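Below, each chain spelled out in residue letters.
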Amino acid sequence: MSLTEQQILRYSRQLILEQVGGRGQQRLLSGKVLIIGAGGLGSPAALYLAAAGIGTIGIADCDNVDITNLQRQVIHHAEDLGRPKVESAAARIRAINPDVRVRTYGFRVCAANVMELVRDYDFVIDGTDNFAAKFLINDACVLANRPFSHAGILRFEGQLMTILPGRSACYRCVFRQPPPAGAVPNCAQAGVLGPVAGVIGCLQAIEAIKFLLGIEGLLTDVILTYNALPVEFRKIPVHQMADCPVCGKDPVITAPMDSDQPICDMEGSK
Amino acid sequence: MEIIVNGKKIQLPGPISVGPLLALEQVRMPEMVSVELNGRILRREEFDRTILGTGDQVEFLYFMGGGA
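Those sequence lines, one after another, are chains R and Z.
Numbered as in the working numbering, the first sequence ends at 1425 without a single skipped number.
Numbered as in the working numbering, the second sequence ends at 116 without a single skipped number.
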């Protein structure tokens, strides 16, 4: 399958990049990326992946658009208030780029469905807003051998790391288990600056594109932290742990599990 | 003695273990962070028995659960 004239024009600014070219664009057009959480991180990631011509984008989110989302969840517009987020995200993606097939999952991602979900994709973006979901996604992606981008944001800060299961440190290698409830505030309690979510969500999109193109230098075995106040990016090296409960030599986690903290925290998403 | 915490040099009057350093750096609860010492993630039970020396590099990796 070769690119159409319209596609050659549409993607011309990235086609001329040595690392992309026609073959790279074909890879993107046949690539499948799942975004879990159509919120602050998922919005910019989805918009840029759609524009770049990722062939299949999956969006999972069980929330409806709320007015408190609009300060940072830029894929949703004022006219979408009350609409399921997967619907408004899918509409925006289609409006940007008809090349993209959008698949929507308007249900709660949980232990019972996460494996089947991630197995259908080449790369997963964690754009969720709670630890239960972040650990669930880590475990499922490690167990299903699906590369993914983990990220978190709070106030003026964000962090992310890319995980190639079995080949690089996973989220549990660094953060063994979720913190006790209430120990770490969420964005609803502590706030977050919208563009901070934009910076980190865009970095996640770049990781997905680099992975699909086979470009070296992913954010593996490193946590990239961003602090908007002193404007500081830092790369902190991390390593795979032999005693990691999910990717270590003798794993105790052999199937994804639900935690007692809600996966789709309605309060947390506001 | 001088150690490096999250990339910044800090001066300490003498050897200190990781537990009191968390307090000194205003980490309210040890459960809020993962601690990496010279590239190795410490287990929580090691916090109090791990004594830091001159030149040690410590990273506090904060849990960050936001995203929506």
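Worth flagging that the hints you see were computed from the coordinates, not collected in a lab.
Computed from a predicted model, the values in this text were never measured in an experiment.
Just to be clear, a hint being listed does not mean it is correct.
[Stated by the list, open to error] Listed next, the in silico BS3-like pairs over lysine-lysine satisfying Cα-Cα at most 27 Å (straight line):
| no. | chain 1 | residue 1 | chain 2 | residue 2 |
| --- | --- | --- | --- | --- |
| 1 | Z | K56 | R | K1390 |
| 2 | R | K1390 | R | K1365 |
| 3 | R | K1390 | Z | K57 |
| 4 | R | K1187 | R | K1365 |
Hints versus structure:
Our distance criterion of 27 Å between C-alpha atoms is met by K56(Z) and K1390(R), whose separation comes to about 14 Å. Taking the CA atoms of K1390(R) and K1365(R), the gap is about 18 Å. The hint holds against a cut of 27 Å. Our distance criterion of 27 Å between C-alpha atoms is met by K1390(R) and K57(Z), whose separation comes to about 17 Å. Taking the CA atoms of K1187(R) and K1365(R), the gap is about 13 Å. The hint holds against a cut of 27 Å.
Of the numbered hints given earlier, the model fails none.
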